[in-house]
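Using the sequences provided together with the hints, build the complete structure.
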Amino acid sequence: MATILLIEDEAQIKKFLRISLEAHHHVVLEARLGEQGLAIMVEQKVDLLIVDLGLPDMDGQDVIKALRKWSQIPIIVLSVRSSEDEKVQALDAGANDYVTKPFGISELMARVRALLRISDNTVASSSKREINGLFIDLAEYQVKLDDRIIHLSRKEFELLRLLTEQPGHILTHRFLTQTIWGESFVDETHYLRVLVRQLRHKLGEEPIQPRFIETVQGVGYRFKV
Amino acid sequence: MRFIVKTTLRIFQKKRSAMRFLPTNTPLKHYLLAIGLIFVIVLFAQVLNRYLPYTSLLLLFLAGVLLISAKTSFGPALLSSLFSFMAFNYFFTEPYYTFNILHKADVATLIIFLMVALMTAHLATQMREAIAKQEMALNRLSHFYEFSQKLSFATNTETTIEILLEALRRVLSNDGRVVIAIQQESKLILHPEGISSGHPGEEVFKLMLSKHLDGETWHKGWLFFPLSWDGRQLGLVAINERINDKQITATETFCQLTAVVLHRTMLVAELSQTKLLAETEQLRATLLSSVSHDLRTPLSSIIGASSSLREYAQHLSTDDQQLLIQTIEDEAHRLDRHIQNLLDMTRLSQGKLNLNREWMDIDDLINGAIRRLGHQLDNVQFELELTEDTPMLYVQGLIIEQAIFNLLDNAIRHNTAELAIKLIVQHDDNWITLDIIDNGPGIADTEKEKVFNMFYSLAQGDRHESSLPGTGMGLAICRGMVEAHGGEVMALDNPYGKGTMMRIKLPNNQGAVDLS
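If you're matching them up, the sequences are chains G and W in order.
Quick note on numbering that gives the first Met the number 0: the first sequence kicks off at 0 and runs consecutively.
Quick note on numbering that gives the first Met the number 0: the second sequence kicks off at 0 and runs consecutively.
Rather than coming from a laboratory, the hints here were simulated on the basis of the structure.
There's no promise every hint is true.
Unchecked claim - Across the chosen pairs, the derived CB separations fall in these ranges:
id	chain 1	residue 1	chain 2	residue 2	range
1	W	Arg309	G	Phe184	52 to 58 Å
2	W	Glu482	G	Arg147	42 to 48 Å
3	G	Val193	W	Pro494	29 to 35 Å
4	G	Arg112	W	Leu491	42 to 48 Å
5	W	Ala277	G	Ala38	54 to 60 Å
6	W	Thr279	G	Phe184	46 to 52 Å
7	W	Arg309	G	Gly53	28 to 34 Å
Where is the CB? At the ideal position from N, CA and C, for every residue including glycine.
Set out below in C-alpha cells:
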C-alpha cells in the first residue's frame, strides 16, 4: 500500500520491522546509514520514514533536518527512553511522532496508520472538522460535542484548532506555547498546562482516560485518533 | 653594713637566675619611680618635721620602700632603701645637710631602718614573685586546658596538627621555626602545609623516625620531639631554637596530648576508609547478585519459551503457542523494567538527578503511570479519588510518574484480586498527598522502614516468594525520586482493612505562583 523507508543500523530490529510492515502489505526499503537513507529518498517515492536517532554515520536529527528542506513526508523517530530532550528536539526539527525503544509492534503500527491516513486526506484545509464525535466549525467559531454546543475561550479554541489540525501528531510544548502566546512565552509551560486542563474540563474528559487530548509526558500533546 | 649588702646581692643574683624566664629586665622607669617617690617623701617629711619627732619620719620612708617593693622589683626596692637611708641621714639627722651623724642613737636608728627596709624589700618582692609565678603556672595550666579542649574537638589529622602548631608557637614566642612531620601510609606529610624550605629535610625526619625516640633529641641544630602513642611512631616535631627546660617540658606535654588525639583521628580515618570499602563491596555484590537473578530469570523464560516454540510448534495447540508468545513478551517487559530500575538507582545513588521542573497536572502523571502499567491492570479493580481543584505540581513529570508507577506496580503485585486498589489524592496548603492502597498481606511495623532501604531491597531482589513482599528496588527508587523533590514516601497500614497504604507527599508550591 505505502512505501516505507527504514533507516536503522540494528539488524534484528530491522528484521522484525520489515516482517511486520510487509505483513500489513507495505513496501519496505532499508538503509543502514543516514547517507544511504537520504540517497534513497532522492531516488524513489517514499510515503513514510522511520528513522533511528542513533546511526553509525550521522545523527538522526541531522537526517530529519536535511530531509525537511525538501520533503514533507511523515517521519517517525525511534529513540531510547532516557533522552526526553532528544525526542523534543527531533519533533521540533520536523519529526511527526516517536516510539521509544523497546516498543511493541502494535504501538508502532498505530503510529504508522495514523500518519499515513492524515497525509492521505488533508483535514486541515477544510473549515469544518469532525473527529471522535467532536465537531469543529472554524469559520463559525463553534464546537459541538455529541450535538451539544461547548463554549470555549479564544485561547482554548486556538489550542483545539492546533491539536485537531493534525490529529495523531505530537505537538510539542514549545510549539504550542509559541503559537498561542508568542515567542517570549516559550518557557512558561504552566500557562499551557492550565489551558489544557480547562479545555479538558469543558470537553468533559475523564481525568485518567482522556478521550481527546493525550499527554505525551515531557514532550507535548496529541489529539487522539 | 657591707655584709648585709653582700648578702642581699647574693639573694638578688639567686633570684635572677631563678627568674630567668620571668620578665627580668626591670625597666628604667621603675628606678626613676623609686627615686621620685623618695624625693616626694623627703619634701613631705620636711613639712611634717615641724609637728612630729624626726624619728617618726622614718615610718614614712619605710612606707615608700614597701610601696616600691610591692609595685616593682627588688632592684628599685633596694635603691629606694639606700636612698631613704641617705636622705634621712642628710636632711633629718644633726648635723643637718651632711652625711655625718651627731647622735649615736641616730646611727642605731638608721642601721635598724636600713635592715628593716631591706627586709621589707626582700619580703615584698618575694611575695610578688610568688604571686607572679602562681599566675604563670595558672596561665600555663589554662593553656594546657584550652589546648586539650581544642584537641578534643579535632576530628581529623589536619586540624589536630594546626592546633599543636598554634600552641607551640605560643610557647616558643618565635614563630615559623616549628615543623611537624606526620607519617601517613608510609608517606611523610610536613606541616605547616606546603612548607618547602627551612626544615631539616625529609631524609632527616625519616632517620629520626627510624630511631623511635622516646624523648627530645638534638640533631643538626634541630630539636626533635616524638609524637608517639601506644608504641606507634606517628610523627615528629622539630624545633629550630634554643629552648629552656620549662619550654621543653611544655612542648613534651603538648606532644603527648597531641599524639593521643592523632592516634584517635588516624584510627577513625582508617575505620571510615574500611567502612566505605566494605559498603562499596556490598553494593557491588548485591548489584551483581541482583543483576544475575533479576535479569537472568526473565531471560530464562524468554529463551525457554522461544526455543520451545521453534522446536515443538507443530505439536502445540494454538492456545499454548499464544501462551508461550505472551510469556516472551511479558518477560521482556520485566527485563526492561529491571534495567530501568538499575539505571534509576545508579543515577539516584550518584546524586545525578538534575531536576528539570515544570508545572504538571497530577491527572497527567497518574494517567501516564496507568498507561505504562498496560495490561498489568487488566485483572485489577482500580478506584481513583481525585478532586478537580487539585493544585498543579512543580516537579519533573517523568520522574514523579515513575515514582507513582513504582508504587502502583508494587500495589498490584501484592493486592488480592477481589478488592480494588485505591488511589486517593488529597491536598492542603502545604502538601499534596497521594495514597495508594492495596489489600495484600501488609507490611509488619518492623519492616515498614526497611522496605525503602536500597541494600535491603536489593538483597531481597524481585523475589515474589520471599517472606517480605517482593519489592525489588522499586520502593527505594520511589523514595529517592520523591525526596529529590522535597517530598516524602512512607509505608502505612491500610486504614480500611488489611493491606498497605503507601503515601507520597509532595510540597504544594502553587501558593507561591499565580497560575491564572
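Earlier hints that do not hold, by number:
Hints that this structure does not satisfy do not exist here, as all of them hold.
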